[in-house]
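Colleague: As they're listed, the protein sequences go chains B and Y.
Quick note: the first sequence, position 43, residue 43 per the numbering used here, numbers continuous.
Quick note: the second sequence, position 57, residue 57 per the numbering used here, numbers continuous.
If you're looking for bench data, these hints aren't it; they were derived computationally from the structure.
Fair warning: this is a prediction, and the values are worked out from it, not measured in the lab.
Yeah, the Cβ is synthetic: ideal placement off N, Cα and C, and Gly gets one too.
Errors might be hidden in some of the hints.
Below, simulated SDA-like cross-link-like pairs (lysine to any residue); rule was C-alpha separation at most 25 angstroms, straight line [stated by the list, open to error]:
(1) Y:187 - B:84
(2) Y:106 - B:90
(3) Y:132 - B:34
(4) Y:106 - B:65
(5) Y:162 - B:75
(6) Y:132 - B:75
(7) Y:106 - B:52
(8) Y:187 - B:81
(9) Y:187 - B:82
(10) Y:132 - B:85
(11) Y:106 - B:100
(12) Y:132 - B:84
(13) Y:132 - B:90
(14) Y:106 - B:89
(15) Y:132 - B:53
(16) Y:153 - B:85
(17) Y:187 - B:87
(18) Y:187 - Y:156
(19) Y:187 - B:100
(20) Y:153 - B:90
(21) Y:187 - B:32
(22) Y:106 - Y:132
(23) Y:187 - Y:149
(24) Y:132 - B:54
Which bits of chain B does chain Y cover? Going by a derived footprint, with three or more residues having C-beta under 8 angstroms, they are [to be verified]:
(25) 29-36
(26) 73-85
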Amino acid sequence: MAAVSAGAFVGAILIAPTAAQAHEQTVFLDRAGCGYYGWSNHGQAETARYSGSCSGHAWLRVNWNGNLSSWTHGLPSVRFTAPGLSGIAYSQHKSCETCSVSTILH
Amino acid sequence: MRPLRRMLVAGMLLLGLAGCAEPDRKVDGEVPTAQSQQYLSQHERAEGLAAQQRLLADRVASRQDYEASVDGLQRCLSTHGISLVNEGWNPVDQTSMMLWYRAPGKPDEYVAGYGDDCQSAYLSAVADEYRKSTESIMAPELMTLTRNCLTAKGIEVRGTEKGMPDLLASSDRHESVTTCVESGVNKLYPGIPVPVGW
Numbered sequence: 001m002a003a004v005s006a007g008a009f010v011g012a013i014l015i016a017p018t019a020a021q022a023h024e025q026t027v028f029l030d031r032a033g034c035g036y037y038g039w040s041n042h043g044q045a046e047t048a049r050y051s052g053s054c055s056g057h058a059w060l061r062v063n064w065n066g067n068l069s070s071w072t073h074g075l076p077s078v079r080f081t082a083p084g085l086s087g088i089a090y091s092q093h094k095s096c097e098t099c100s101v102s103t104i105l106h
Numbered sequence: 001m002r003p004l005r006r007m008l009v010a011g012m013l014l015l016g017l018a019g020c021a022e023p024d025r026k027v028d029g030e031v032p033t034a035q036s037q038q039y040l041s042q043h044e045r046a047e048g049l050a051a052q053q054r055l056l057a058d059r060v061a062s063r064q065d066y067e068a069s070v071d072g073l074q075r076c077l078s079t080h081g082i083s084l085v086n087e088g089w090n091p092v093d094q095t096s097m098m099l100w101y102r103a104p105g106k107p108d109e110y111v112a113g114y115g116d117d118c119q120s121a122y123l124s125a126v127a128d129e130y131r132k133s134t135e136s137i138m139a140p141e142l143m144t145l146t147r148n149c150l151t152a153k154g155i156e157v158r159g160t161e162k163g164m165p166d167l168l169a170s171s172d173r174h175e176s177v178t179t180c181v182e183s184g185v186n187k188l189y190p191g192i193p194v195p196v197g198w
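Let the sequences and hints guide you as you build the complete structure.
Modeller: Laid out in C-alpha cells, this is it:
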C-alpha cells in the first residue's frame, strides 16, 4: 500500500494544477523516521503514511459544508470524499492521535 | 538560449507565478488544532472520564457502551451550543460512528476546541477500545456492490470477505479496492460523507 500511496503522492505533486484544481495542496508530516502526507482539494482529503513502518495511524478531519467532522483514522491511509466532490473548507492532518496538526485551507 | 529550453523556463516561471498567486495554505497553529484540552472545566472533564471508566469497568467496550458514550458527547457539546450530527455507524467497517459538529456562527476554533475536548472526555477511550476489540465488517450491501465492482474490473474476489482487511488481503490492487468501496458508498449513501480508512 505504501508504494501506491507514494505513487499517488508523487503524481499529485508532479501534475501542474489547473484552474479547477487551484486549491489543491499537500503537507508533509514527519514522524520518527516515517513519512506521512496530508492532501486535499475542495472534494477530497486524505492522510496517508507513505514510507516507514510506524504504527501511528493517519488521522484526518475536514470542515465540510460548514460542519466539522470528528477525527477519523486508518493505517496506512484514510480518505474522505465529499458528496458532489465539493464543499471542503479545510482539512486537518496528523500522524498520530496526539501529534501536531497540519491544516490546509481552501 | 535555445527555443525549447526558453519555452521550458517560461513554462516553469508561469507555474511559479501561478503558485505565487495561490497563497501558501498550510497554516499550522492558526486554525483549530484543539488538542490543548483547555475548553472544558475540570468538573466537566472529570465527569466525562468517570462515565467512560464506568462503561469500561468490565474491560469490554460494547456497541451499547459506544452509543452511550456518544450520548454523553452529545450532551457535552449541547451544553456549549454545538449540535452533534450523527450519521450512524460507518458502513465501511462498522467500528466507528460518523460524527460531525455543527455550530453556525461560532468560530472554528471554538467548535474544534469543544469538539475535541468533549470527545476526549466522553468518547475516545471507549471508542478506541471498541475499535481494537471489534472486527472490521463492511455493511453487507456495500460489500456486495464492492465485490461486483471489483469483479467488473477483472479482480478476483473470494466471496467470503467480511471487510476491508479481507478485500485488501485478497488483492494487491489496493487503489481499485478503495475506489470500488467509494463508488459503492456514493451509490448507497448519497449525500452522506463517509470516510474510508484502510
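Colleague: None of the hints should be skipped; say for each whether it holds.
Modeller: Verification of the hints:
For the suggested pair residue 187 of chain Y and residue 84 of chain B, the alpha carbons sit about 12 angstroms apart, so the restraint of at most 25 angstroms is met. Annotation: proposed proximity of residue 106 of chain Y to residue 90 of chain B holds, straight-line Cα distance about 16 angstroms (limit 25 angstroms). Distance check on the hinted pair: residue 132 of chain Y and residue 34 of chain B sit about 23 angstroms apart at the alpha-carbon level, within 25 angstroms; holds. Of the pairs offered as hints, the one joining residue 106 of chain Y and residue 65 of chain B holds, with about 14 angstroms between alpha carbons and a cut-off of 25 angstroms not exceeded.
A distance of roughly 18 angstroms separates the Cα atoms of residue 162 of chain Y and residue 75 of chain B; the hinted pair therefore holds under the 25 angstroms criterion. Between the alpha carbons of residue 132 of chain Y and residue 75 of chain B the distance comes to roughly 13 angstroms, so the proposed pair stays at or under 25 angstroms and holds. With a CA separation close to 39 angstroms, the supplied pair residue 106 of chain Y and residue 52 of chain B exceeds the 25 angstroms bound. Taking the CA atoms of residue 187 of chain Y and residue 81 of chain B, the gap is near 13 angstroms; set against the 25 angstroms cutoff, the hint holds.
For the given pair, residue 187 of chain Y sits about 13 angstroms from residue 82 of chain B by alpha-carbon distance, which is consistent with the 25 angstroms threshold. A C-alpha spacing of about 31 angstroms is found between residue 132 of chain Y and residue 85 of chain B, which places the hinted pair above 25 angstroms, so the restraint is violated. For the proposed pair residue 106 of chain Y and residue 100 of chain B, the alpha carbon gap of about 23 angstroms is at most 25 angstroms, so the pair holds. For the hint linking residue 132 of chain Y to residue 84 of chain B, the alpha-carbon distance of about 32 angstroms lies beyond 25 angstroms, and the restraint is violated.
Proximity of residue 132 of chain Y to residue 90 of chain B is assessed by CA-CA distance (about 29 angstroms); at most 25 angstroms being required, the pair is judged violated. A distance of roughly 15 angstroms separates the Cα atoms of residue 106 of chain Y and residue 89 of chain B; the hinted pair therefore holds under the 25 angstroms criterion. Under the criterion of a C-alpha separation no larger than 25 angstroms, the hint pairing residue 132 of chain Y with residue 53 of chain B is consistent with the structure, at around 19 angstroms. A hinted pair counts as satisfied when its Cα atoms are at most 25 angstroms apart, and residue 153 of chain Y with residue 85 of chain B qualifies at roughly 23 angstroms.
Restraint check: the Cα-Cα separation between residue 187 of chain Y and residue 87 of chain B comes to about 19 angstroms, which is no more than 25 angstroms; the hinted pair holds. A threshold of 25 angstroms between alpha carbons decides the hint, and for residue 187 of chain Y with residue 156 of chain Y the separation of about 22 angstroms falls inside it, so the pair holds. Taking the CA atoms of residue 187 of chain Y and residue 100 of chain B, the gap is near 35 angstroms; set against the 25 angstroms cutoff, the hint is violated. For the suggested pair residue 153 of chain Y and residue 90 of chain B, the alpha carbons sit about 33 angstroms apart, so the restraint of at most 25 angstroms is broken.
The suggested pairing of residue 187 of chain Y with residue 32 of chain B is violated, with an alpha-carbon distance near 39 angstroms, which exceeds 25 angstroms. Simply put, residue 106 of chain Y and residue 132 of chain Y have alpha-carbon atoms about 34 angstroms apart, too far for the 25 angstroms limit, and the pair is violated. With a C-alpha separation of about 12 angstroms, the suggested pair residue 187 of chain Y and residue 149 of chain Y falls inside the 25 angstroms cut-off, and the hint holds. A C-alpha spacing of about 17 angstroms is found between residue 132 of chain Y and residue 54 of chain B, which places the hinted pair at or below 25 angstroms, so the restraint holds.
With a cut-off of 8 angstroms between beta carbons, the segment 29-36 of chain B has 0 residues touching chain Y; three or more are needed, and the interface restraint is violated. With a threshold of 8 angstroms between beta carbons, the proposed coverage of the segment 73-85 of chain B by chain Y holds, since 11 of its residues qualify and at least three are required.
The earlier numbered hints that this structure contradicts are 7, 10, 12, 13, 19, 20, 21, 22, 25.
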